[in-house]
Amino acid sequence: MSKRSTFIKSLAVPVISVLAGLLLGAMIMLAFGYDPVEGYNAMLIGAFGRSYNVGEVFRLATPLILTGLGFSVASRAGLFNIGLSGQALCGWIASIWLAMTFPDVPKILLVPMCIIAGAVAGAFWAGIAGFLRAQFGTSEVIVTIMMNYIILYISNYLVRSVLTKNADATTQISANASLRANFLYELSGHSRLNMGIFLALAMLVVVWVLMKRTTTGFEIRSVGINPFASEYAGMSAKKNIVLAMLISGALAGMAGVVEGLGTFQNLYILNSSLEIGFDGMAVSLLGGGNPIGILLSAVLFGILKIGGLKMPSVGIPKEIVEIVIAAIIFFIGISYAIRFLLDKIAVSKKAPKKGEV
Amino acid sequence: MVEVLSIIVSSALVYSAPLIFTALGGTFSERSGVVNVGLEGIMTVGAFSATVFNLFTASTFGSWTPWLSLLFGGLIGVVFSLIHAVATVNLRADHIVSGTVVNLMAPGLTIFLTKMIFDGHGQSDLIKERFGKFSFPFLKDIPIIGEIFFKDTSAPAYVAILVAVIAYFIIFKTKFGLRLRSVGENPQAADTLGINVYGMKYAGVLISGLLGGIGGAVVVQSISGQFSVSTIAGQGFISMAAMIFGKWNPIYVMGAAIFFGLSQSLAVIGNTIPLINQLEPVWLQVAPYVLTLLVLVLFIGRSQGPKANGQVYVKSK
Numbered sequence: 003m004s005k006r007s008t009f010i011k012s013l014a015v016p017v018i019s020v021l022a023g024l025l026l027g028a029m030i031m032l033a034f035g036y037d038p039v040e041g042y043n044a045m046l047i048g049a050f051g052r053s054y055n056v057g058e059v060f061r062l063a064t065p066l067i068l069t070g071l072g073f074s075v076a077s078r079a080g081l082f083n084i085g086l087s088g089q090a091l092c093g094w095i096a097s098i099w100l101a102m103t104f105p106d107v108p109k110i111l112l113v114p115m116c117i118i119a120g121a122v123a124g125a126f127w128a129g130i131a132g133f134l135r136a137q138f139g140t141s142e143v144i145v146t147i148m149m150n151y152i153i154l155y156i157s158n159y160l161v162r163s164v165l166t167k168n169a170d171a172t173t174q175i176s177a178n179a180s181l182r183a184n185f186l187y188e189l190s191g192h193s194r195l196n197m198g199i200f201l202a203l204a205m206l207v208v209v210w211v212l213m214k215r216t217t218t219g220f221e222i223r224s225v226g227i228n229p230f231a232s233e234y235a236g237m238s239a240k241k242n243i244v245l246a247m248l249i250s251g252a253l254a255g256m257a258g259v260v261e262g263l264g265t266f267q268n269l270y271i272l273n274s275s276l277e278i279g280f281d282g283m284a285v286s287l288l289g290g291g292n293p294i295g296i297l298l299s300a301v302l303f304g305i306l307k308i309g310g311l312k313m314p315s316v317g318i319p320k321e322i323v324e325i326v327i328a329a330i331i332f333f334i335g336i337s338y339a340i341r342f343l344l345d346k347i348a349v350s351k352k353a354p355k356k357g358e359v
Numbered sequence: 253m254v255e256v257l258s259i260i261v262s263s264a265l266v267y268s269a270p271l272i273f274t275a276l277g278g279t280f281s282e283r284s285g286v287v288n289v290g291l292e293g294i295m296t297v298g299a300f301s302a303t304v305f306n307l308f309t310a311s312t313f314g315s316w317t318p319w320l321s322l323l324f325g326g327l328i329g330v331v332f333s334l335i336h337a338v339a340t341v342n343l344r345a346d347h348i349v350s351g352t353v354v355n356l357m358a359p360g361l362t363i364f365l366t367k368m369i370f371d372g373h374g375q376s377d378l379i380k381e382r383f384g385k386f387s388f389p390f391l392k393d394i395p396i397i398g399e400i401f402f403k404d405t406s407a408p409a410y411v412a413i414l415v416a417v418i419a420y421f422i423i424f425k426t427k428f429g430l431r432l433r434s435v436g437e438n439p440q441a442a443d444t445l446g447i448n449v450y451g452m453k454y455a456g457v458l459i460s461g462l463l464g465g466i467g468g469a470v471v472v473q474s475i476s477g478q479f480s481v482s483t484i485a486g487q488g489f490i491s492m493a494a495m496i497f498g499k500w501n502p503i504y505v506m507g508a509a510i511f512f513g514l515s516q517s518l519a520v521i522g523n524t525i526p527l528i529n530q531l532e533p534v535w536l537q538v539a540p541y542v543l544t545l546l547v548l549v550l551f552i553g554r555s556q557g558p559k560a561n562g563q564v565y566v567k568s569k
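Keeping their order, the protein sequence lines are chains A and B.
All residue numbers for the first sequence refer to the working numbering, where the first residue is 3 and numbers rise by one.
All residue numbers for the second sequence refer to the working numbering, where the first residue is 253 and numbers rise by one.
Derived by calculation from the structure, the hints in this document are not laboratory data.
Among the hints, erroneous ones may be present.
[Stated by the list, open to error] Keeping only pairs whose Cα atoms sit at most 20 Å apart, straight-line, the calculated SDA-like set for lysine to any residue is:
#, chain 1, residue 1, chain 2, residue 2
1, A, Lys167, B, Pro533
2, B, Lys567, A, Gln137
3, A, Lys320, B, Asp371
4, B, Lys367, A, Asp37
5, A, Lys240, B, Leu550
6, A, Lys11, B, Leu334
7, A, Lys346, B, Asp371
8, A, Lys320, B, Leu550
9, A, Lys241, B, Asp371
10, A, Lys312, A, Arg6
[Stated by the list, open to error] Now the in silico label distances, taken between C-beta atoms and shown as ranges:
#, chain 1, residue 1, chain 2, residue 2, range
11, B, Phe428, A, Glu233, 37 to 43 Å
12, B, Gly446, A, Leu21, 39 to 45 Å
13, A, Gln137, B, Val566, 52 to 58 Å
14, A, Val316, B, Tyr450, 54 to 60 Å
15, B, Tyr410, A, Gly35, 41 to 47 Å
16, B, Asn529, A, Leu311, 40 to 46 Å
17, B, Leu378, A, Asn168, 25 to 31 Å
18, A, Ile110, B, Val256, 42 to 48 Å
19, B, Tyr450, A, Ala231, 52 to 58 Å
20, A, Ser163, B, Met253, 29 to 35 Å
21, B, Gly384, A, Ile347, 57 to 63 Å
22, A, Leu311, B, Ile396, 54 to 60 Å
23, A, Val211, B, Thr524, 20 to 26 Å
24, A, Gln137, B, Thr524, 40 to 46 Å
[Stated by the list, open to error] Chain B is nowhere near these chain A residues, computed Cβ spacing over 12 Å in every case:
#, residue
25, Phe34
26, Val56
27, Ile130
28, Ser224
Quantities reported herein were computed from a predicted structural model and do not represent experimental measurements.
The beta-carbon is built from N, C-alpha and C at its ideal position, and this holds for glycine as well.
Only chain B is shown next, with the shape it has when bound in the complex (with noise of 0.2 Å):
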């Protein structure tokens, strides 16, 4: 029993890790009033460039790669995730119309530049050094939950925890996340007390590229282990799932997200599980999206987002 709790516990973790990643980022866009559909496609940006750099360095960053890798795929997920920040805040494009763009030009120039790297190959090489499985010092040794929760698990989720944690402390307790918030809810009352309204919603939108960069990453690290055209499909819009599900709340989004990271694992590992193998896996692949769909309508219904999420804000003269 306690061997089957490990095994659920920890590959629902491996899945959850890039869904909680992404969809905080997602919420520190809408937070500020940006929507992000193009999670999507800067996770496939981040995934990329992870592979790239993992490749290409790991014969000299060794077992640091993958964790270096995470931070190179954030920081090109940063420069991508610029385009929607232009788009949107400047040039005041459709928030929808520029995060489609966002996933249409994604899997179009990462397979591009795959070709060029790859010699034409439509995908990458496999990857050396990977996240493996990570026991914590002396947790581990709890009996029981030692045994399902810290032994032979995934690192990369315990730092999303953790990031998730940070990012609640930031949007509710620091005078940052509070403008940010402002920004998303009135930005003309933000911008008439002082606050850089366009510079808050920039940092709300490359906040989201970092993070969904680094979400990308640990899809290839972790699960996929190469990059191809289909490394990355669908993982960006169940984070936005999980960042509405959440409420745009970083706690509830990080539980959302692993809820819907075991429910995915579940539709990949659930042959093996007794009672889940008598289950259609399809069940399991559509339940976060059926889930996500009743949340909006039983319990969110109107506007719970922030308030003046998905509108171009322009600064009047």
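Same shape as in the complex, but just chain A (with noise of 0.2 Å):
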């Protein structure tokens, strides 16, 4: 019983979450003169319109979970991560390199080494970050940011002068590196949903079984509960806080790839970090970080966010999503106090009970 109420409550912040996000967007569009029920509506129809539409939802939702599942990782062992942007770019660079370097390698070989490079490139660049923490005691969150806009300037210098001559984007890879299936093409109405999909939600178990199931896991989480008496009980805080960037980096890696060689398939000239990284995050938080949380709040990105393209139709402009989007993540960042209000509601309704948290 008290397990199950439990579960009920871990769920309702979430469902709270999304349900004022989504009241606060339509305020804001009653406020501007729109009809929130139009605006909607239309976000519906461009996230299930047609099987297109729905390709892409799932296009836009691979990336997130893999960041997404970085992001837990991370924050598993006490770390936040926020620099899976940059991570990602770095795998998404290495990818789209060693795609354009070795384009006749059998696919079966090219595409395997790509995501390979990419995961390895990425936790490359979380690593550091780790690294610094473990060593030095150096904030991960400072330094995940600087490192965001290290790559991101890098990145762009590679498309310009190395990759390119003078170009805003590379060539496209070939066929052999890319991500891209028939099957889905067809079956999601020519939409850019590729094979990405399959990596992500192979990830997802991964990830399950070895945050749960495994050693590396229980020493990972036991560090990020407690550090001094994981090491009181034998086990290295150091190794632990860098393995646990690494694996995080690796996945932010992936998404990466999946967006150099499944979406775009090419490097181009970035304005701003990646979204995916920022949206991973909050896909983590949302998801409250477990992998089926994880899976649902990228469907719900992707419905929003591909859904919101659709909203300029009636008028309404699509930023209104970002807005919602991040009012979401304000009500899970104060979930304490949702949690509160349902506490003073229950308690009102029925005889008051201590000692449940």
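Fit the two chains together into the complex; they arrive one by one in their own frames, and the hints show the way.
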């Protein structure tokens, strides 16, 4: 009974947050003279109207699953990896570079090579932050923010001066390196949905097994809960901090590979850090860091963002979606207050019960 | 030579002005123990509101418009930073999560409003009244030094430097500053001494809203000339870096901000300057971030910042 009620309560916060976010969006639409029903209806059509739209929803959710998982692994170790954007970009660069260097290697070899290269590149970029944190106690938040910008400028430099001659984008990768697959293309009404979705789903299982069923996962989690007790029990806090960042970065790197080899098929000049980084963080927070939650939140983000593209058809700027997403994360952030309110309501309904958190 | 130096100095000042304001804002917030990664979002909101104010009142206020827009941008920055204050101080939100919300919210909200105001366009019209070049009377006539530092230079940058000096006095020489710092170092102890911990934290965050908003307003009115989604692209985070680089001391923070401004401006105007034009601009672009990392590792190491920075303080009953 008590286990069930905590389960319901753990579900209540994200559900209430999503509803409150959507409600705020509706209020803003009303305030500016739009019809929120019409607006959200357009969003639903934009997300589910044709198989193309559904394909795009899952296409957008794919990298978010990976970055979301990446964020959750780091946060299990007590780390706040705000550098998912930069790590994903590292993976993107590595995979495109490799794909451009060996365009004629058979697909069966080239694609796994690119994915591994992307994961290693992402892990490397995150590993620097992990190492500095473990060795010098430097805040991983600040370090990863700085690293996001460093790689952003390096990436633009590589596109402009190394991978091309002063162009804004690299050439398209060869079909051998592409993650796109004909059956997905036909199935999803010619959307950009690609094999990356299977990679993401596989990683959901892998990360779950790793974190819940292996010693490595146990050590990472216990270091996150109490580094001193873990040290006392013979685990190395330093080693696990670095390890958690490496895994986190590898997952983010794979998200970048999916963008590079799946969605865009090239690398281009970017004006700001990749959105998939910050959205992945939001997905993980909303999903409570567990795999099913992350999957559902990533799909929800896909629905909001792809559906939002249809909102201008009824005159509503698509930016309303960003406001809704920010609001959802705000409500997740103040979950303490939401739980407090829920408890108040529960208490006033029945006799007070103590000792439940 | 003097001419080249004068170009370098004046453009460095143009680019450092917003960084100085915003980094000082961050310093106030973190001195009170509230980490503010939302500076970027606050700058965005300040930039947007200053643009709108400038466009709609330029005909009334004439050449005073940029300064009034600056204040307006700061004011809206204060209002926007309330989100961060309420979430972190009263509602016990994680500071990083709340700051990220501020950063996610700002571009969505401002572009939405931009589309409302400017007939569906994603960027504003060009503002008419900008911070032009400013020459100090008398000082500009000093040989060489006057030419380099005081002729055709950026007025907001000198205001920012003045604000840095004032901020130093406030933080280190006043009762308010002592209280602010004590709340950032040890809120429990401050609380037992009867200091209003929550009030101090609010003050810290709202001042960061004011200065961050002003910072954003400076970007629009002395660099970009209009507001779009890419007007504020990283300046908030560079400011944060400057705050750390300057070890949370307003004077050093200002120095760091000027240094980063120099590096940013050289990346833009570098191709006209001998020696610098041999350098790939990418090195100048990443320099502030790499240097901040080095400083963090080499000189600061563990917790040189306020001790209770980033922790939620729950007042015991």
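Hints and how they fare:
Straight-line distance between C-alpha atoms of A/Lys167 and B/Pro533 comes to about 16 Å, which keeps the hinted pair within the 20 Å bound. The suggested pairing of B/Lys567 with A/Gln137 is violated, with an alpha-carbon distance near 34 Å, which exceeds 20 Å. With a C-alpha separation of about 14 Å, the suggested pair A/Lys320 and B/Asp371 falls inside the 20 Å cut-off, and the hint holds. Restraint check for B/Lys367 and A/Asp37: the C-alpha separation of about 17 Å stays at or below 20 Å, so the hint holds.
Our distance criterion of 20 Å between C-alpha atoms is met by A/Lys240 and B/Leu550, whose separation comes to about 19 Å. Restraint check for A/Lys11 and B/Leu334: the C-alpha separation of about 28 Å exceeds 20 Å, so the hint is violated. The suggested pairing of A/Lys346 with B/Asp371 is violated, with an alpha-carbon distance near 46 Å, which exceeds 20 Å. For the hint pairing A/Lys320 with B/Leu550, the CA-to-CA distance comes to about 45 Å; that exceeds 20 Å, so the pair is violated.
With a C-alpha separation of about 55 Å, the suggested pairing of A/Lys241 with B/Asp371 is violated against the 20 Å cut-off. Distance check on the hinted pair: A/Lys312 and A/Arg6 sit about 39 Å apart at the alpha-carbon level, beyond 20 Å; violated. The hinted window of 37 to 43 Å between B/Phe428 and A/Glu233 holds, with their beta carbons roughly 41 Å apart. One distance hint, 39 to 45 Å for the beta-carbon pair B/Gly446 and A/Leu21, holds here, with the actual separation near 42 Å.
Checked against the hint of 52 to 58 Å, the pair A/Gln137 and B/Val566 fails, with Cβ atoms roughly 32 Å apart. For the pair A/Val316 and B/Tyr450, the beta carbons lie near 43 Å from each other, so the given range of 54 to 60 Å is not met. At about 44 Å, the CB distance of B/Tyr410 to A/Gly35 agrees with the hint of 41 to 47 Å. Between B/Asn529 and A/Leu311, the C-beta spacing of about 43 Å keeps the proposed range 40 to 46 Å intact.
Separation of B/Leu378 from A/Asn168 is about 28 Å and conforms to the stated range, judged on CB atoms against 25 to 31 Å. In this structure the hint that A/Ile110 and B/Val256 lie 42 to 48 Å apart at CB is violated, the actual value being about 58 Å. Between B/Tyr450 and A/Ala231 the beta carbons are some 32 Å apart, a value that contradicts the proposed interval 52 to 58 Å. For A/Ser163 paired with B/Met253, a C-beta distance near 30 Å keeps the hint of 29 to 35 Å intact.
In this structure the hint that B/Gly384 and A/Ile347 lie 57 to 63 Å apart at CB holds, the actual value being about 59 Å. Taken as a hint, the range 54 to 60 Å holds for the pair A/Leu311 and B/Ile396, whose Cβ atoms sit roughly 58 Å apart. Judged by the Cβ atoms, the range 20 to 26 Å given for A/Val211 and B/Thr524 is violated: they are separated by roughly 58 Å. Remark: the range hint 40 to 46 Å for A/Gln137 to B/Thr524 is upheld by a beta-carbon distance near 42 Å.
Distance check on A/Phe34: its Cβ comes as close as 6 Å (rounded) to a Cβ of chain B, failing to clear the 12 Å threshold; non-interface status is violated. A cut-off of 12 Å between C-beta atoms confirms that A/Val56 is not in contact with chain B; the least separation is 24 Å. Not every C-beta of chain B lies more than 12 Å from that of A/Ile130, the closest at about 9 Å, which undercuts listing it as non-interface. The claim that A/Ser224 lies off the interface holds: its Cβ sits roughly 21 Å from the closest Cβ of chain B, which is beyond the 12 Å cut-off.
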